[in-house]
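Asker: Construct all of the structure, not just a fragment, from the sequences and the given hints.
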Amino acid sequence: MGAITLTGVTKHFGDFTAVADVDLSVGDGEFVVFVGPSGCGKSTLLRLIAGLEDVSAGRVAIDGVDATATPPAKRELAMVFQSYALYPHMSVANNIAFPLKMAGLDARAIAAKVNAAAATLNLSDYLHRRPGQLSGGQRQRVAIGRAIVREPKAFLFDEPLSNLDAALRVNMRIELGQLHQSLRATMIYVTHDQVEAMTMADKIVVLNAGRIEQIGTPLQLYTRPANTFVAGFIGSPKMNLLGGDFVHGFDAHTIGVRPEHIHLSHTPPAGGAWHGIVAIAEHLGSDTFLYASVDGVTVTVRAPGEFAAAPGDKVYLTPADEHIHRFNASGEAV
1 MGAITLTGVT
11 KHFGDFTAVA
21 DVDLSVGDGE
31 FVVFVGPSGC
41 GKSTLLRLIA
51 GLEDVSAGRV
61 AIDGVDATAT
71 PPAKRELAMV
81 FQSYALYPHM
91 SVANNIAFPL
101 KMAGLDARAI
111 AAKVNAAAAT
121 LNLSDYLHRR
131 PGQLSGGQRQ
141 RVAIGRAIVR
151 EPKAFLFDEP
161 LSNLDAALRV
171 NMRIELGQLH
181 QSLRATMIYV
191 THDQVEAMTM
201 ADKIVVLNAG
211 RIEQIGTPLQ
221 LYTRPANTFV
231 AGFIGSPKMN
241 LLGGDFVHGF
251 DAHTIGVRPE
261 HIHLSHTPPA
271 GGAWHGIVAI
281 AEHLGSDTFL
291 YASVDGVTVT
301 VRAPGEFAAA
311 PGDKVYLTPA
321 DEHIHRFNAS
331 GEAV
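Residue numbering for the sequence shown follows this note's numbering, starting at 1 and increasing by one per position.
Since the hints were derived computationally from the structure, they do not count as laboratory data. Do not rely on the hints blindly, as some may be mistaken.
[Said to hold, decoys possible] Label pairs and their computed distance ranges (CB to CB):
1. 72 x 14: 51 to 61 angstroms
2. 7 x 111: 22 to 32 angstroms
3. 89 x 65: 21 to 31 angstroms
4. 247 x 63: 47 to 57 angstroms
[Said to hold, decoys possible] Cross-link-like lysine-lysine pairs, in silico, BS3-like; alpha carbons within 27 angstroms at most:
5. 113 x 153
6. 203 x 238
7. 113 x 101
8. 203 x 153
9. 113 x 74
10. 101 x 74
11. 238 x 314
12. 101 x 153
13. 74 x 153
In this text, a Cβ means the ideal position worked out from N, Cα and C, and glycines have one as well.
Answerer: Below, the structure is given as structure tokens:
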């Protein structure tokens with residue numbers, strides 16, 4: 001079991017409040033992602049769950065038992081950091097086995113657990129190598145293997161893919177998803193990359209300035225953002241948030257429209273449209289991203305496939321009415 005519940009959890013560093021009155025329930029077997037900009041408190045919140053930071057106020061419960069004052073080693077949680085923290089002089093097998101040896105398990109039990117973890121992570125052929133002989137992705141899998149053999153109640157990942165290049169990040173994202181499916185273990189994953197959050201999570205927790213802005217499935221946050229912060233953070237490219245003359249007829253202080261929900265054309269469509277001048281055109285083959293100036297405001301548009309446009313071209317942008325998001329003066333969805 002690996003259910004984790006936070007009640008009113010707060011963390012102060014002197015006069016600075018890093019985490020403020022957080023209530024959160026993580027169900028057994030869930031893959032929950034903490035996402036938000038740098039400095040939003042997501043890593044601090046993870047460290048509070050792990051016990052690596054003391055809670056200033058509130059309660060941390062693991063499987064219904066108050067663990068607020070429980071030392072990290074007794075919480076039965078495994079943490080995987082951004083840095084691999086491997087012992088360079090030890091083999092892969094010994095790195096994975098290290099926590100088991102510290103716990104005093106016998107050699108036969110250790111070998112069985114190490115071999116099982118290595119098979120799960122496709123590391124069986126590398127057990128005799130040292131970390132310096134591995135790629136970045138393989139080293140991160142070793143660090144994950146070291147966590148797996150402990151059979152923890154939950155895995156805590158603190159931006160584990162940040163040191164990898166773009167291609168490896170995609171591969172490791174897939175591997176972590178498959179690992180979760182096979183282990184069915186509780187996993188909490190911290191990232192600033194909302195694409196990772198959208199593709200991996202059962203549930204996303206969006207944090208801003210130490211507070212939770214919204215909790216929901218990736219699709220819920222994408223289709224029904226609670227406020228302009230979530231609307232602008234979730235989605236790539238991010239949602240266009242427009243005020244002034246753009247809101248006429250929409251009964252809102254700000255409207256939001258995602259780049260893929262704007263129709264592009266070279267001629268004025270029936271019913272009127274926004275008239276724009278292309279500033280930048282990004283042709284990716286599968287998609288075309290245009291950044292167009294509309295009355296001095298840059299609007300991002302995503303068109304499927306190839307759309308012929310170059311800087312300086314005139315284009316017409318027509319938002320889909322059924323996909324318009326409305327926000328009040330406080331930034332809350334209406």
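Asker: Decide, hint by hint, whether the structure agrees.
Answerer: Each hint tested on the structure:
1. 72 x 14: 51 to 61 angstroms: 23 angstroms, violated
2. 7 x 111: 22 to 32 angstroms: 42 angstroms, violated
3. 89 x 65: 21 to 31 angstroms: 38 angstroms, violated
4. 247 x 63: 47 to 57 angstroms: 49 angstroms, holds
5. 113 x 153: 16 angstroms, holds
6. 203 x 238: At roughly 20 angstroms apart (the allowed maximum being 27 angstroms), residue 238 and residue 203 satisfy the hint.
7. 113 x 101: The given pair, whose Cα atoms are some 12 angstroms apart, holds under the 27 angstroms limit.
8. 203 x 153: Measuring from Cα to Cα gives roughly 18 angstroms; hence the hint holds.
9. 113 x 74: 20 angstroms, holds
10. 101 x 74: 17 angstroms, holds
11. 238 x 314: Cα-Cα ~23 angstroms, so holds.
12. 101 x 153: 19 angstroms, holds
13. 74 x 153: 11 angstroms, holds
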